[in-house]
Amino acid sequence: MLYLKNYVASGIKQASIYGLIVFILNFKFSKMSSYTEEELAKDLEGQEYKYGFVSDFQSETIPKGLNEDVVRQISAMKGEPEWMTEIRLKAFRNWQTMVEPEWAHLTYKKPDFQAISYYSAPKQTKKYESWDDVDPEMKETMRKLGISMEEQKRLTGTAVDFVVDSVSVATSFKDKLLELGIIFCPISEAIRDYPELVKKYIGTVVPATDNFYAALNSAVFTDGSFCYIPKGVRCPMELSTYFRINEGGTGQFERTLVIADEGSYVSYLEGCTAPQRDENQLHAAVVELIALDDAEIKYSTVQNWYPGNKEGVGGVFNFVTKRGLCEKGAKISWTQVETGSAITWKYPSCILKGDNSIGEFYSVAVTNGYQQADTGTKMIHLGKNTRSTIIAKGISAGNSQNCYRGLVQINDRADNARNRTECDSLLLSSTSGAHTFPYIECKNKSAHIEHEATTSKISEEQMFYVKQRGLDDEKAISLIVNGYAKEVLNRMPMEFAVEAQKLLEISLENSVG
Amino acid sequence: MLTIKNLHASIEEDGTEILKGLDLVVKAGEVHAIMGPNGAGKSTLASVLAGKDGYEVTEGEVDFDGVNLLELEVDERAKEGLFLAFQYPVEIPGVSNINFLRSALGEIHEYQKKDNLSAKEFLAKVREASKLVELDNKLASRAVNVGFSGGEKKRNEIFQMAMLEPKLAILDETDSGLDIDALRVVSDGVNKLRSENNAIIVITHYQRLLEYIQPDFVHVLSDGKIVKTGSKELALELEEKGYDWINEEIA
Chain C
1 MLYLKNYVAS GIKQASIYGL IVFILNFKFS KMSSYTEEEL AKDLEGQEYK YGFVSDFQSE
61 TIPKGLNEDV VRQISAMKGE PEWMTEIRLK AFRNWQTMVE PEWAHLTYKK PDFQAISYYS
121 APKQTKKYES WDDVDPEMKE TMRKLGISME EQKRLTGTAV DFVVDSVSVA TSFKDKLLEL
181 GIIFCPISEA IRDYPELVKK YIGTVVPATD NFYAALNSAV FTDGSFCYIP KGVRCPMELS
241 TYFRINEGGT GQFERTLVIA DEGSYVSYLE GCTAPQRDEN QLHAAVVELI ALDDAEIKYS
301 TVQNWYPGNK EGVGGVFNFV TKRGLCEKGA KISWTQVETG SAITWKYPSC ILKGDNSIGE
361 FYSVAVTNGY QQADTGTKMI HLGKNTRSTI IAKGISAGNS QNCYRGLVQI NDRADNARNR
421 TECDSLLLSS TSGAHTFPYI ECKNKSAHIE HEATTSKISE EQMFYVKQRG LDDEKAISLI
481 VNGYAKEVLN RMPMEFAVEA QKLLEISLEN SVG
Chain V
1 MLTIKNLHAS IEEDGTEILK GLDLVVKAGE VHAIMGPNGA GKSTLASVLA GKDGYEVTEG
61 EVDFDGVNLL ELEVDERAKE GLFLAFQYPV EIPGVSNINF LRSALGEIHE YQKKDNLSAK
121 EFLAKVREAS KLVELDNKLA SRAVNVGFSG GEKKRNEIFQ MAMLEPKLAI LDETDSGLDI
181 DALRVVSDGV NKLRSENNAI IVITHYQRLL EYIQPDFVHV LSDGKIVKTG SKELALELEE
241 KGYDWINEEI A
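Protein chains in written order, with the working numbering: chain C, 1 to 513; chain V, 1 to 251.
Fair warning: there could be bad hints in the mix.
Pair ranges (Cβ atoms, derived) [stated by the list, open to error]:
#, chain 1, residue 1, chain 2, residue 2, range
1, C, 448, V, 57, 34 to 40 Å
2, V, 113, C, 62, 52 to 58 Å
3, C, 109, V, 111, 17 to 23 Å
4, V, 141, C, 181, 39 to 45 Å
5, V, 56, C, 461, 26 to 32 Å
6, V, 247, C, 454, 45 to 51 Å
Here are the computed lysine-lysine pairs in the DSS-like style, where the Cα-Cα straight-line distance is at most 27 Å [unchecked claim]:
#, chain 1, residue 1, chain 2, residue 2
7, V, 167, V, 241
8, V, 153, C, 457
9, V, 225, C, 457
10, V, 225, V, 5
11, V, 153, V, 192
Rather than coming from a laboratory, the hints here were simulated on the basis of the structure.
From the three backbone atoms N, C-alpha and C, an ideal C-beta is built for every residue, glycine too.
Construct all of the structure, not just a fragment, from the sequences and the given hints.
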């Protein structure tokens with residue numbers, strides 16, 4: 001206990017995410033319920049967007065604009081084999097024939113795709129042999145993000161793949177994982193070193209023809225993470241990737257591919273931040289999960305891209321396609337806490353192809369200021385006895401618009417499929433909006449589908465009660481909101497739950513009144 | 001500790017005056033009982049002192065240990081050491097009692113420039129306080145008041161009082177809805193929290209509670225004013241003769 005306590009003290013002093021990570025781990029041991037909102041609050045005093053710093057390491061950025069040459073150039077710079085270049089070009093040609101979707105409940109100025117630079121890599125003179133060789137400026141960036149590698153290695157046992165703009169700069173724990181046959185590396189490396197695996201699975205769950213942004217991503221993605229868990233292996237640690245957009249006027253197009261072979265298990269964490277910038281930054285990612293027979297993938301995201309300023313200027317446009325495929329008896333669980341981005345367009349989905357497979361979606365989406373979120377999930381039931389659960393909590397403050405959009409589809413051969421959907425909205429201001437668009441398509445009579453939805457406000461009685469115990473307006477709201485989102489936050493791996501709570505707090509600042 | 005002078009308060013919405021010139025002085029170490037018929041303004045007094053929205057103070061002063069209470073926000077009053085045990089405790093889904101109290105205590109300590117408790121000290125305090133009102137340990141870690149029985153909610157209020165150690169506690173009809181055993185537990189808890197440094201105002205309809213929590217003074221509140229003050233015997237007399245007796249006597 002004493003040993004742990006020392007870390008608590010030093011961690012909190014630095015006001016880093018780290019302090020809190022350590023803190024919560026402590027409590028796990030001492031059986032205390034969790035760290036408290038109060039510590040959280042102390043840690044966040046007077047915060048604006050916390051990750052709003054621009055790192056000054058030299059970047060190599062290719063000129064703005066997009067055409068076949070740029071696609072080829074990206075592929076060449078990544079040293080990709082011919083087959084990959086072909087995939088990209090095919091996707092690009094496809095993309096050119098597509099139009100940007102307009103069905104979402106979002107209003108924004110469409111990005112000018114010719115005004116974006118599609119590749120920005122921190123300039124490196126040589127490949128890092130060891131952690132000591134990593135650019136100090138980049139280490140500083142990581143420190144500010146609270147994910148310093150040394151600390152990470154020492155304290156949490158989390159393997160991190162850290163992606164700044166487009167290139168993955170350092171991956172820890174790789175060797176240890178390799179002993180178990182687990183591959184965890186930047187996807188650019190996987191394309192070179194494990195071409196059979198990549199070739200076999202990439203684009204199988206999210207084909208390049210899937211939608212406008214997925215096609216764009218398939219053409220220009222610059223990096224991302226790749227993960228393969230062999231048959232029957234239970235990955236002993238949480239794998240995590242931290243994404244950060246650094247250069248102004250660039251887009252980040254990362255590609256993630258996770259393959260869990262038969263009977264394996266992996267828990268994957270993904271965190272996202274971007275520095276404060278005036279112009280809107282585009283982010284269009286694709287994540288594909290493949291859970292083979294009896295495998296389980298737990299995928300957690302904390303998304304905290306810059307949401308724009310108080311007037312609604314700037315911020316990240318986040319158009320993401322995330323989808324997982326479940327074979328027989330497999331399970332995929334998406335958990336997300338979305339607090340950032342000016343525009344969020346994101347529907348992590350599960351295709352329940354195999355009999356007895358399970359899909360889960362747990363989400364908290366917070367919008368404040370002029371943020372707009374259109375997010376939800378799709379549960380596609382194809383196999384027999386497939387089950388899915390959707391718990392979506394929307395919290396709208398300021399002048400924001402928060403929208404849940406979900407599809408539950410039971411196909412004709414999916415006997416005895418079950419779905420339970422719970423969809424709650426909490427309104428914190430009279431100028432914000434909460435919208436729900438649930439779609440249910442059922443082609444099989446044996447299906448059981450439940451849908452529950454609520455919309456509520458924080459009651460005056462609750463506020464008075466909490467304030468009477470000594471919490472001011474903002475802290476009272478934060479406490480109540482955290483309680484409201486608990487069901488989802490509890491699904492997060494410990495380290496992330498803390499960060500998620502902090503983010504809720506940050507994003508709800510100035511939401512009172 | 002608390003000096004209320006000529007307090008007038010109305011309901012903001014329709015201007016109905018509820019408190020019509022109330023005077024009260026409470027010193028450290030004292031327990032005051034405020035009794036009175038329905039609609040006399042007992043709960044309004046508690047709400048106005050705690051700073052609840054919806055009431056307007058039109059006249060009068062409230063001094064709390066040298067601080068003008070009426071100028072403070074709800075949470076500042078709490079941090080100054082005023083605690084209200086609610087007649088109807090509120091549910092906060094998803095927020096555990098322990099987290100709630102750790103946040104509250106942290107805020108109060110910071111305001112009072114006291115060192116915050118370590119996790120170990122805090123947990124020891126939780127154990128002690130829950131023992132005081134025989135609150136099941138499980139309830140301490142359950143969400144605030146969610147799924148609690150009426151009696152458990154009231155015990156939880158006193159548990160919170162024990163945790164937050166206020167200078168002045170106002171117990172608003174804490175006896176309502178309690179069976180005789182629970183009443184004894186709650187009262188025992190309150191009695192153990194009595195000290196020379198704190199004061200308690202007990203608001204109640206019935207004399208029953210005062211058998212357990214013995215007051216130094218009993219005040220009768222009627223039509224927004226304190227119309228009679230006496231010792232604990234006054235409560236017995238009230239019980240026997242009813243509130244009409246007081247009204248007649250005043251008339």
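| request: If any of the earlier hints don't hold here, list their numbers in rising order. | output: Hints 1, 3, 5, 7 and 9 contradicted; others consistent.
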